[in-house]
Each structure stands twice: as structure tokens, then as C-alpha cells.
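**Student:** Okay, here's what each chain looks like letter by letter:
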Amino acid sequence: MFELPIQQLIFLFVAAVAVFAAFNVILQRNPIYSALALIITMCALAGTFLMLEAQFVATMQVIVYAGAVMVLFVFVIMLLNVRTEEARQDRVKYLKLVAPLLFIALLGEVIFVARSVTTTAPPLATTGNEPAFGTVESIGEAMFSSYLFPFEATSVLILMAMVGSLVLARRRTMSEAETLGKLIEESGKPQLTPAEPVAKLEEKKEEIAA
Amino acid sequence: MVPLSWYLALSAALFTIGVAGVLVQRNVISIFMCIELMLNSVNLTLVAFSRFLNQSTGQLFVFIVMAVAAAEAAVGLAIIISVFRNRETLSVDEESLLKL
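Chains as they are written, first to last, in my numbering: chain A, 1 to 210; chain B, 1 to 100.
In short, the hints are calculated from the structure, not lab data. Bear in mind the structure is a predicted one, so any value in this text is a computation, not a measurement. Possibly wrong hints are sitting among the right ones.
Claimed, not checked - When the alpha-carbon atoms are kept at most 27 Å apart in a straight line, the in silico DSSO-like pairs for lysine-lysine are as follows:
#1 A/Lys-205 with B/Lys-99
#2 A/Lys-204 with A/Lys-93
#3 A/Lys-93 with B/Lys-99
#4 A/Lys-93 with A/Lys-205
#5 A/Lys-96 with A/Lys-205
#6 A/Lys-204 with B/Lys-99
What the hints assert, rightly or not - Partial chain A-side listing against chain B, Cβ under 8 Å, derived:
#7 Ala-22
#8 Val-25
#9 Met-51
#10 Ala-68
#11 Val-76
#12 Ile-77
#13 Val-110
#14 Ile-139
We put the CB at the ideal spot given by N, CA and C, even for glycine.
Generate coordinates for the entire structure from the input sequences, incorporating the hints supplied.
**Tutor:** Next comes the structure, spelled out in C-alpha cells:
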């Protein structure tokens, strides 16, 4: 028996939690359970960030990801009242045979690569003037000096996302719908009624079934 | 100390699980969550390399990835809501209007 240092034991525990929860994300049929499992994965990843001495990133992971983003997901799931997905039949039968082979090949590749890399972390530089690694200070200094342009670009992106999601998710008012209808009529193109694609879909299904 | 390869292996495992989820799931929201999982595993790689190269710029990229992920989640969920309003379904198999 070889003995593992306490750090490696902690890493193995956190990694096992993360992988188990990640499997839960993709295997649960009910999206709300997937969301809860994803929150556990993110918290476990925050633990690995702490082990990598990235305290600020770990905090942001919990606040932004596990907090804000996942609350948005859970909110939408609740809002849309998603039913549990029923089991479906596979359309391609041989995939069940190919998948384990590909999995074993991938696992072999990962083990092969992982065995060849045995780097351990270099000691942290402890010079007096430099801000400590992983703190708000060191990240903020980089963010507002050499990486100012990406930072500003991100803020523009977030503004665009905000406006875009507002435009996409709001309901059209009655007057807007009327103007849109008039415009479509004036253009003289054939109108696509909502019933049409559904009917087409059902025709297609019947064709497939026949 | 935990070697770098362990972090990379964990990241690869999570990314693969995310890809498998995108392929397996039929629910748009679940597929979206699998994409978030993949983004998270990439974040782990960035943070690990930032520690092992002793440069904090990697952590800065993680922030940008987080911001992009948050923006993507907001826009994507808005699209999902407006699609659900028109079609009353979340299954990707039935959202094939753009398919010829």
C-alpha cells in the first residue's frame, strides 16, 4: 500500500463528487434534478480552485455560477413547468455497441497522457512588492492594465446580451403585432401560419411510419 | 502536492461528460446545462495552468469565460422562453423548423 498525502486525498474526494454529480446532470430525466446536480459540480470545482490557490476565482464560481446563473436556470425550468422527459427509443441501434469501444479508447488516451505528465506546482513567489497569487489585487491589476481591452469588450458583450434577452423574451404588444401583420400582407409573400409547420411535421411522421 | 495531470484528467472527464450530455439529452434546458458543464471544465484547465505556470493571467481568462457564460445563459434562456411560447415544447427533436 502506498500512502497518499492529505492534499491528494482531498483532491480525489472533490473530483469524485464532481464527476458523480456531472453524471447525474446528464442521466436525470427531470431537468430540475439536473440543475441541482450541476450546482454540486460547480461547488466541487470551486473546491479544486481553492486547492490551486485561486481564492477569488473560487468565490466567484460559487457566487456567479452556482448562485446567479443556476438560479436563472431553475427559474426558467419552474416558469416553463417542464415535464419529466419520457424514455425514448433509440433511432440508431448500433451506437450502443460503438459507445463502449470509444469510451475505452478515450480512457486509454487520458491515462496515457496523464502518466507522462508529472509536474508538481512550483513554489509561489514570495517577493515583497508583488501582490500575492490568486488574490483580488493581482487579478485586478492585470485586468485594468494589460488586459483592459478584453475587459471593456466583455462589458459591451454583457450589455448586448442584456438588450438581446429583453427583446427576445418579451411579448409583442397588440399594436406591434398588427403593424407586423400589415407589413407581411403588403410584402405579398405567403404567410406562414402557425398550424402549417405542425401539420407538415405530422405528415412527415406519417411518411416515416408508412 | 497534486500533480498537474490530475487536474487535467478531471477537466477532461467533466468535458467528456458534458459532450455526452449534449448528445444524449433531448431537453433544450438540459443541453444548455451540459454546455455550462463544459465551460466549467475548461475553467478548471485555465486555473490549473495559471497555478503551475505561476501567472495569474489564466484566472483573468476564467473571469471572461464566466461573463460570456452568464451572457450566453441569459440570451439562450430568452430564446428558449420565446420558442416555448410559440411551440409549447422543449424537445429538440420537434424544433426542426429550420431543417429542410
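**Student:** The structure should be examined with respect to each hint, and the outcome stated for every one.
**Tutor:** Taking the hints in turn, this is what the structure says about them:
1. Only pairs whose Cα atoms come within 27 Å are accepted, and A/Lys-205 paired with B/Lys-99 is accepted, the gap being roughly 14 Å.
2. This hinted pair checks out: A/Lys-204 and A/Lys-93 have alpha carbons roughly 21 Å apart, not beyond 27 Å.
3. Pair hint A/Lys-93 plus B/Lys-99 holds up; C-alpha atoms about 23 Å apart against a cutoff of 27 Å.
4. Only pairs whose Cα atoms come within 27 Å are accepted, and A/Lys-93 paired with A/Lys-205 is accepted, the gap being roughly 19 Å.
5. A C-alpha spacing of about 25 Å is found between A/Lys-96 and A/Lys-205, which places the hinted pair at or below 27 Å, so the restraint holds.
6. Taking the CA atoms of A/Lys-204 and B/Lys-99, the gap is about 12 Å. The hint holds against a cut of 27 Å.
7. Interface restraint check for A/Ala-22: the shortest CB-CB distance to chain B comes to about 4 Å, inside 8 Å, so the restraint holds.
8. For A/Val-25, the suggested interface contact is upheld, since its CB lies about 6 Å from the closest CB of chain B, less than 8 Å.
9. Checking A/Met-51 against chain B: minimum C-beta separation of about 7 Å stays under 8 Å; hint holds.
10. For the restraint placing A/Ala-68 at the interface with chain B, the shortest Cβ-Cβ distance is roughly 7 Å, inside the 8 Å limit, so the hint holds.
11. The interface hint given for A/Val-76 holds, since its Cβ lies 5 Å from the closest Cβ of chain B, which is under the 8 Å cut-off.
12. With a least beta-carbon distance of about 6 Å to chain B, the hint placing A/Ile-77 at the interface is held under the 8 Å criterion.
13. This hint holds: A/Val-110 has a C-beta 5 Å from the nearest C-beta of chain B, less than the 8 Å allowed.
14. Residue-level restraint check for A/Ile-139 holds (minimum Cβ-Cβ distance to chain B is 5 Å; threshold 8 Å).
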